[in-house]
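Participant: Chains as they are written, first to last, in this note's numbering: chain A, 1 to 449; chain B, 1 to 449; chain C, 1 to 449.
These aren't lab readings, by the way, just hints derived from the structure by calculation. Source: prediction; values computed, not measured. Incorrect hints may appear among the rest.
[What the hints assert, rightly or not] Sample of chain A residues with no beta-carbon within 10 Å of chain B, all distances over it, derived:
1) Ile-81
2) Glu-97
3) Ile-215
4) Tyr-399
5) Pro-419
[What the hints assert, rightly or not] Cut-off 27 Å, straight-line C-alpha distance, at most; resulting in silico cross-link-like pairs (BS3-like, lysine-lysine):
6) B:Lys-91 x A:Lys-256
7) C:Lys-142 x B:Lys-413
8) B:Lys-301 x C:Lys-301
9) A:Lys-301 x B:Lys-301
10) A:Lys-256 x A:Lys-413
11) C:Lys-364 x C:Lys-256
12) B:Lys-256 x C:Lys-44
13) C:Lys-142 x A:Lys-142
14) A:Lys-92 x C:Lys-256
15) B:Lys-272 x A:Lys-364
16) A:Lys-413 x B:Lys-91
17) C:Lys-301 x B:Lys-256
18) A:Lys-91 x C:Lys-364
19) A:Lys-44 x C:Lys-142
20) C:Lys-301 x B:Lys-384
Here a beta-carbon is modelled for each residue, glycine too, at the ideal position from N, C-alpha and C.
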Amino acid sequence: MKPESVALHHLGAAAALDPELLCIFGTGDLGRSLGQRLLQSGYKVVYGSRRPHSCGPVPQGAQVQHMATLLCVITLHLELIVLVDLSNNLKKDMYPEANAVYLQRLVPGAEVVKGLNTLSAWALQNGLLAGKQVFLCGNSAKAKHAVAEMATKLGLTVLDRGSLSAARELEDFPLQLFPQWRLPLCVALGLTAFFYFYLLIRDVLYAYFEDGKDISFRIMVSLANKVFPIVSLIMLSLCYLPGVIAAFIQLYRGTKYSRFPDWLDRWMLCRKQIGLIALGFALLHAIYTFIIPIRYAVRHKLISRMKNNKTTPFNFDNTEAWATDSFYVLGILGFFLYVLLGLTSLPSVGGSLSWREFNFVQSKLGHLTLTICTAHGYIYGWNKFLRPSTYKWYTPPGYMLCLVVPSIVLVLKMLLLLPCVDNTLTRIRQGWERTRLREEEGEIKATNL
Amino acid sequence: MKPESVALHHLGAAAALDPELLCIFGTGDLGRSLGQRLLQSGYKVVYGSRRPHSCGPVPQGAQVQHMATLLCVITLHLELIVLVDLSNNLKKDMYPEANAVYLQRLVPGAEVVKGLNTLSAWALQNGLLAGKQVFLCGNSAKAKHAVAEMATKLGLTVLDRGSLSAARELEDFPLQLFPQWRLPLCVALGLTAFFYFYLLIRDVLYAYFEDGKDISFRIMVSLANKVFPIVSLIMLSLCYLPGVIAAFIQLYRGTKYSRFPDWLDRWMLCRKQIGLIALGFALLHAIYTFIIPIRYAVRHKLISRMKNNKTTPFNFDNTEAWATDSFYVLGILGFFLYVLLGLTSLPSVGGSLSWREFNFVQSKLGHLTLTICTAHGYIYGWNKFLRPSTYKWYTPPGYMLCLVVPSIVLVLKMLLLLPCVDNTLTRIRQGWERTRLREEEGEIKATNL
Amino acid sequence: MKPESVALHHLGAAAALDPELLCIFGTGDLGRSLGQRLLQSGYKVVYGSRRPHSCGPVPQGAQVQHMATLLCVITLHLELIVLVDLSNNLKKDMYPEANAVYLQRLVPGAEVVKGLNTLSAWALQNGLLAGKQVFLCGNSAKAKHAVAEMATKLGLTVLDRGSLSAARELEDFPLQLFPQWRLPLCVALGLTAFFYFYLLIRDVLYAYFEDGKDISFRIMVSLANKVFPIVSLIMLSLCYLPGVIAAFIQLYRGTKYSRFPDWLDRWMLCRKQIGLIALGFALLHAIYTFIIPIRYAVRHKLISRMKNNKTTPFNFDNTEAWATDSFYVLGILGFFLYVLLGLTSLPSVGGSLSWREFNFVQSKLGHLTLTICTAHGYIYGWNKFLRPSTYKWYTPPGYMLCLVVPSIVLVLKMLLLLPCVDNTLTRIRQGWERTRLREEEGEIKATNL
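Excised from the complex, chain A in its bound form:
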């Protein structure tokens, strides 16, 4: 992971005529695979190595020189040089200053550009570059332009992050590990743990202490298959709650021009992750449900049931049939919409949608999914809500708890869909403000363009 950098002679107009000469310092994996790609893109590549003769193989067509020599050669036309610093650190704040800044201090004459440091040798070797985002920063726009052109030729998408002062930030990028997923994952795991223990007490322990039955084997599948849908439904509603809250804040303030509280902003920014985690739990729930009938316990129950109450007739209950079937159907449709939402959150799919389409899918379809899944939950307990035996040890069953949040979200959403409320909200979102006078707005609209 030692700092590696690319020296790029910017030959101005000439650059367009014959391929540019690039010097890569360091012949590590990154250096080698980068050089290979650059050669493929028609550049001339020279490696600067500490031990030109024992530095291992370099890509076909590249030369290797001793670093010292190379540095001298370059120093001769230092005013032309662009230094790209691809270095990364092993941990945050490893050095007092950013490597790129340090490099700039060492070679004041050169134009240092920090960037491309999120590239992995792996991605370079396997040509996983097309559309990959890389970041650049540096003080010279000309230098950045030259580097950006090089990166574009490799098929990369270049994002300019401003001056060299952003170098530190860029050097921290590769050290990040799913920063946006942290919070949602914690919430999901917390909910899972809570409901797991809650149901463990209500089902297993209750059966053990009250009826003296050992049904601990249920922990593996039955319990999990109760917890997963619960967490999934709650996460899904948490994914649409912030939007509703935001709407009410705007209604209350009567304007859209005032910032939301930070916690709400942060919440809204990780809605995608929350939704995808909800989808994951829903998928687990689906698979757990599919394997129910092949489970030993289930088959045993079915068989023993036959043996024991052989005599008692078993009448077909039409209501029961309707209830269970609609329960399953709602579950299936909900899961199907879940998957649709997940697909549209794939970068390549979402990127091909117009914002109205994307908004339609994520908002309309999203709330439909939430409604269907909540109904799925209500039907599950449709005839249990009033039965006292449901409340073991005076605690409500899990699915009742998990219906609270979604129900609230849906009720609030209903309120927002009332014509009067909806109109006000639409006008606010189009820029109208309660405090402002209508005529003033009128004359502004005139001068607007």
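For chain A, the structure is supplied; the task is to place chains B and C on it using the hints.
Facilitator: Below, chains B and C without anything else, positioned relative to chain A:
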């Protein structure tokens, strides 16, 4: 949704040296999040607001000035200015002319470029820009070039749609809601409705009137699970029918240089959507099938069966076992290929295939899928075709109806694969024409390059 | 598929001012759809046809002229011309030299650029271009630059493959059919065939000859559902074996600067494909498992079981319940992680991950998946390993065979995770070499930047 626009001073060569100055008129969500991205990309951003002091927060590092002042400042070097119009309308034909054209009339001196109006504040905030397509149009190529550069820096893919006369078209883009999906969805829903009622009559009503049994609960799952595969299979065959028709038209005309009828062109353009809808129905069919054994009605049937005919022996029928198993296997393989086809139609996956690979998957694999799924349908009724009891009220069961179209497609495809037909078709597709003389073709081939 | 080419007048600086004029020779599908896109991107397009009057419809706004006329016109300012050769061959080595080289010989004055030949008319018509990679090669960097700009305007990602000598290679691209998938697919099919026959002998034939029972119907589902998980697990371990081998080679050599043997390099380059095939088999295994309970044979077994041993009580075995349930749970979790791995190998998803995130998913999650799936296999046979009846005809059952490779991989991986080994490996991968003196390394680190 009020019109927002970006003024972009084009500083010519200087542009390369220091970041360009951008003025954004309007501090709405779009303006704010766009400004944020532009600042990140190293631009200087100034907001023009009607109420600079109460316009809410603007991104760090951006200034806010009163629109009037800003306009004056700009007007001083109007000959340098590029105006980007990002405005959208709330509904089609809201104004007599395109906003961009109106803007151009208002500021004749400026070079107006219409575009970026498909961007959503949402996508901008969450950095969903990489690879996203945006459209530009304008009368000045230089101005478009400058805007395109800006957009590229944001990681967008810019498509130039020509002169400002295309502005209207661009302003209608964001109002479109899955235009290509309309027709396929209507067809799918129509088929679903038809077969639903058809089977409702044949199964539920028939059982009610003839046998006096109430099996209405079947509507929820059993019926749906018959309708979904039927619609899915028909849609899949409708996805390959136009290709076959086109081939026969070419054979008949003996040339590929004459246009297909419009209806065929339109049909061929929405094949992808038809296929994906077919996949959706297939997925529903799969899930409905997986939950069969946990359904109340099914379990009840199993149990009661045991109780009633306890005495009669239940012999194992080898043929039955083979038939059902191969029925399931064909279904599974068909579904598996379905999913493969769906995956390759993901933009990012399809984009990484060479046209021959894409063609192989979509044509060869596609027809294989159709064949397997059709066989799946035939085996389902293998021993029912000749049984009179199958034709309740003299109507054929649903799966027979749904086998008609696929069978036709497959037979026609077989004909096209006959060596003699295939050769002619290949030659036609390579440019040969029946009307033209062979020698002439010969000498042309010589002068071809 | 006849050679088509685009002539592109490079008007230098003027190009920026008014749209460039493009001449497309040949009005085939590719020519027409390419012209359409180019017109949309604001170019002027003229077609060169052999029969301008019977060449079928060209896109709106394009002109058609006779090829000869057009060539004359162009020849008048030949020094300005850029010829893009999009031609492809029908099979490899169709002509002695590359079409582009031939074209260059024919028109020595022009600057020939080979490329864009991987584009399909289909992709062009349906606007599947965004992010699609195309390749260019040619001797004039200026010409390549002009073509690259044109391609970028179409939303394509351009990769420069160097001089015209690479034309042959480019012309072979469209003829490739999943080159990287060949080897993995062969391995997978080979394993499938082997285990199929192995289990056929052990299960079906054994039952036939020893017990005289005909259970041939098992071939369809039961056997397949044993073979698929076996192959999937082996493929998954083959996906992580090369990485382990590479680590040991590096440990043995004490350096990372020496190349791996070719077979290992090739193996490592198709790890992605191996993993995806393993996922495919896992998916099949999952679906096969879901439909078990609705199979005729299974239902028959269940029912007949009831009828026969009606008297004998059927006691609930807690251990059995635990074992089977944990068996299923491990399978489900394994499959879930499988799917996650598959998702991150989608170009658009993988491209949005930093290399550390990608590495985390592919390495950490990957090995976790392998561990869980292996445990899934071990639990399956937890109580059968010592039972002599397991070894029919003295052969081990399939799941034992399939556990060999994964176990080896996991054991080796454990060894690599031992602190002492891990530290050495990390140091080696950071560039340290056993042969080199530590102080030397020290002073180099100083001069490193």
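Participant: Run through the hints listed earlier and report the numbers of any the structure violates, in increasing order.
Facilitator: Hints 7 and 17 contradicted; others consistent.
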